[in-house]
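Protein chains in written order, with the UniProt record's numbering: chain A, 1 to 322; chain B, 1 to 593.
Simulated from the structure, these hints should not be mistaken for laboratory data. Just so you know, not all the hints are guaranteed correct.
[Claimed, not checked] Facing chain A, according to a computed beta carbon distance under 7 Å, are these residues of chain B, among others:
#1 GLU73
#2 LEU149
#3 GLN229
#4 ASP231
All C-beta atoms, glycine included, are put in the ideal place defined by N, C-alpha and C.
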Amino acid sequence: MVKFILRRIVMMIPQLFILSVLIFLLAKAMPGDALTGQLANNPKMDAQTLAEMREKLGLNDPLYVQYTRWIKNLLHGDLGMSYVHQQPVTDLLAGRMWNTILLSVCILVLTYAIAVPLGVISGRWQDSWADKLIVGYSYVSFATPLFIFALIMLFLFGFKLGWFPTGGSVDIQLEEGTWEYYISKFNHLLLPSLSGALISTVGIIQYLRSEIIDTKVKDFVRTARAKGVPEAKIYSRHILRNSFLPIAAFLGYEITGLIGGSVFLESIFSYPGIGQLFLQSIMQRDYSVVTALVMISGLATLVGTLLSDIILSAVDPRIRIE
Amino acid sequence: MKKRYWKFFSVLAGLSLVLSACTSSTSSNDKGKKTEQTAPKEDIGNFPMTVKNDGKIVDGVLTYGLVSDTPFEGTLNYAFYTGQPDAEILQFFDESLFRTNGDYEITNDGAATYELSADKKTMTIKIKDNVKWHDGEPVKAEDLEYAYLVIGNKDYTGVRYGDALMQDIVGMDEYHSGKASTISGIKVIDEKTLTITWKHANPSVLTGIWAYPLPKHYLKDIPIKQLAQSDKIRKNPIGFGPFKVKKIVPGESVEMVRNDDYYGGKPNLKGVIVKVVSPKVVLQSLKKGEIDLAEFPTDQYVGAKGTKNIQFVGKIDLAYNYIGFKLGHWDAKKQENVMDNPKFQNKKLRQAMAYAIDNKSVGDKLYHGLRFPATTLIPPSFPGYHDKEAKGYSYDPEKAKKLLDEAGYKDKDGDGLREDPNGKKFTIHFLSMSGSDVAEPLAKFYMQCWKDVGLDVQLVDGRLAEFNSFYDMVEKDDPKVDVFAAAWGTGTDVDPYGLYGRNVMFNYSRWVNEKNDELLEKGHSEQAFDKEYRKKVYNEWQALMNEEVPVIPTLYRSALYAVNNRVKNFTVDPSSKLTWKDVGVTAEKPEVE
Chain A
1 MVKFILRRIV MMIPQLFILS VLIFLLAKAM PGDALTGQLA NNPKMDAQTL AEMREKLGLN
61 DPLYVQYTRW IKNLLHGDLG MSYVHQQPVT DLLAGRMWNT ILLSVCILVL TYAIAVPLGV
121 ISGRWQDSWA DKLIVGYSYV SFATPLFIFA LIMLFLFGFK LGWFPTGGSV DIQLEEGTWE
181 YYISKFNHLL LPSLSGALIS TVGIIQYLRS EIIDTKVKDF VRTARAKGVP EAKIYSRHIL
241 RNSFLPIAAF LGYEITGLIG GSVFLESIFS YPGIGQLFLQ SIMQRDYSVV TALVMISGLA
301 TLVGTLLSDI ILSAVDPRIR IE
Chain B
1 MKKRYWKFFS VLAGLSLVLS ACTSSTSSND KGKKTEQTAP KEDIGNFPMT VKNDGKIVDG
61 VLTYGLVSDT PFEGTLNYAF YTGQPDAEIL QFFDESLFRT NGDYEITNDG AATYELSADK
121 KTMTIKIKDN VKWHDGEPVK AEDLEYAYLV IGNKDYTGVR YGDALMQDIV GMDEYHSGKA
181 STISGIKVID EKTLTITWKH ANPSVLTGIW AYPLPKHYLK DIPIKQLAQS DKIRKNPIGF
241 GPFKVKKIVP GESVEMVRND DYYGGKPNLK GVIVKVVSPK VVLQSLKKGE IDLAEFPTDQ
301 YVGAKGTKNI QFVGKIDLAY NYIGFKLGHW DAKKQENVMD NPKFQNKKLR QAMAYAIDNK
361 SVGDKLYHGL RFPATTLIPP SFPGYHDKEA KGYSYDPEKA KKLLDEAGYK DKDGDGLRED
421 PNGKKFTIHF LSMSGSDVAE PLAKFYMQCW KDVGLDVQLV DGRLAEFNSF YDMVEKDDPK
481 VDVFAAAWGT GTDVDPYGLY GRNVMFNYSR WVNEKNDELL EKGHSEQAFD KEYRKKVYNE
541 WQALMNEEVP VIPTLYRSAL YAVNNRVKNF TVDPSSKLTW KDVGVTAEKP EVE
């Protein structure tokens, strides 16, 4: 097991290296740079100063020079400066990452809280009206675009009913560290995460449902029934335990998504997170932020898949990693 | 939701109306006039510039909505910020030493007074005694000098050094290149007085002088390279404006409280909260009173009109849209525009293309009248310099056809499209930007208009260009581009040299002309301190540009603000003496619809 994990970690090094070259070249291949056209609203600029600024930012150096400089800094833990935000990328990300992780964890917890019971119900009482309702919901939610759904939720629960705050991550007038402050933070999280969670349940519901349906006709279940084991116990002991296996493995991948953020939720709820930052950085050619974010999510994906494998081997005794 | 769909449909409807307006041009343009009457149309001239409210001011907090899809960047300093949202936050807690009049020229009503020397090259600035930074330190002459030292420094990370007035200061070059440790043209006379000397006398100094001091005592220990990222600018910024920053939630909101020591007197508001609001929900937030005031997206105005708890104020924006012809290239070595592209050298061809487009329909149908036909390259938001008499190019396809005939662009093979004077196929490549909801219909409309007079216009690469690709191609004079549609924000300095001069890279059309050189030079000469003279010169320049049309001015824009009924004394009128100090609220809570 340890050997396996170590091998996987060693494997990550060339993978990340290739990713770094790719993302660097792709980022540079985008037309324009951080200074292109930004002056359409600032006519007080002249060509020499612009050239000087490009020189200062190192944009005139040959690509390989820029790449070595970047990778060297990266190895020292320095992600560079964001041109647009005029601050080190690490500082910038630190602020946004916390918000994003908070939101994603909330969405994840809510998703599982909603999807698992629904999946179990629809699997156990297959073809009942409840099952049909749940399957119907899961398909409708699957087909609903987030940016429309989030807007509807916001108009309904935020503006019409006034149950939730309509934007931001916290009420600025509250003293940091007080009880009200944390309540307010939680309150601001609820509506966006509910919007996110309600339409991302389809995967788990369907997985769980079909696993349960598969498992409940397996031989060992029939044996248990024949022995006279009560139905409730058959489900809790035998069927559910087996059906949760793929869901558990799924969790590793979900962790990868935690740091990605959501462009739509963030923009509709004015919630400063990673998704918006990524989009904005691409649009404005803020290279250092783009490359940093791709590298981080690349690393997260590799770690996430590793975690998935580890979880799977931990919960399923049939799988052993050597 | 209904509104979103409605907007979508209205765009479609608008598009079909617009297209019909242009295709019908074969039977002259009276059909176009008929469709005009059916669409709702606004006129920025009908909007008040100052809110109406006769109530008595109470002690309250105003919530200002920062309409933006993205979090604000948080570079809260005039010398460093780049994003508009940051500027909107800055206006509450920091300000220029000078107030300005309706022509955006500095006056002596603000935190400092100025006097120009007889040769107009030296300005003496005296800061008033009661002007204090938020930490109680007086604002000193050395603070303004420090701002220049920072901006001119080679380690400076912002964009303000590109300003021509900045570089024209005596000794600035030497300081910028590191040959001198101070700027010889800037002298601190005493604690409150300083003089700045420029190499040339230029009337733009009255609109463009840098008058934002930096608190030297507060910032001097931070290396200039790291100023923009420092906590003293991002987390605990100070200024000398009517409000003090109390708390910042990065990217999201800022809480400010009244500055009782404000030199202009005690502000009416107890505090201001600025928070980011998505353009998708700005109207709802206004209706619910969650924000009191916001710059309102003009494309949503028709759906918002008549909302009971808010009033709208508006003015013509300091900007214009235009269509430019690529006439040459930029010689970076010589720092000069070279007009060597033969395709559009014929003035009549350019004029014909200007007559062929129906900007009135575009403004009325796609922008509900909140953008309207531009007549010159100096927008009416410069009331002192915009030539009201100028006609510009109004829609006249017959005239366009006549001009094309005269210029020799005739349809020789009978396919309905004109060939060039040599009888060769004549295709024009048009570069247009993606991004807005109406980008596609707008580009199609212009192309249709040109087709109606027999010109074959195609999009560059067959599609709209994304912002960066667009400017990349325009700046580098990509040979694929013949004609491009873009826009300029003018800033408050009327001098068009920075956009149309011979030695200016932003002269994207690369048009050069001796008369133009002469007029632009006159426009910022010593003589031009005489406003009448300057106006005459710029009228002549506007006429020249309309005659030569290196770029076609297409649309002027409006800027709208939505304001809750409880707000008093808010104005967008540049000539008004009202400032944020005077803005107040007449009720504890915002009105709700």
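Comparing the hints with the structure gives:
Checking GLU73 (chain B) against chain A by beta carbon gives a least distance of about 5 Å; that is within 7 Å, so the hint holds. For the restraint placing LEU149 (chain B) at the interface with chain A, the shortest Cβ-Cβ distance is roughly 17 Å, beyond the 7 Å limit, so the hint is violated. The beta carbon of GLN229 (chain B) is positioned within 7 Å of a beta carbon in chain A (closest approach about 4 Å), and the interface hint is therefore held. Residue-level restraint check for ASP231 (chain B) is violated (minimum Cβ-Cβ distance to chain A is 10 Å; threshold 7 Å).
Of the numbered hints given earlier, the model fails hints 2 and 4; all others are met.
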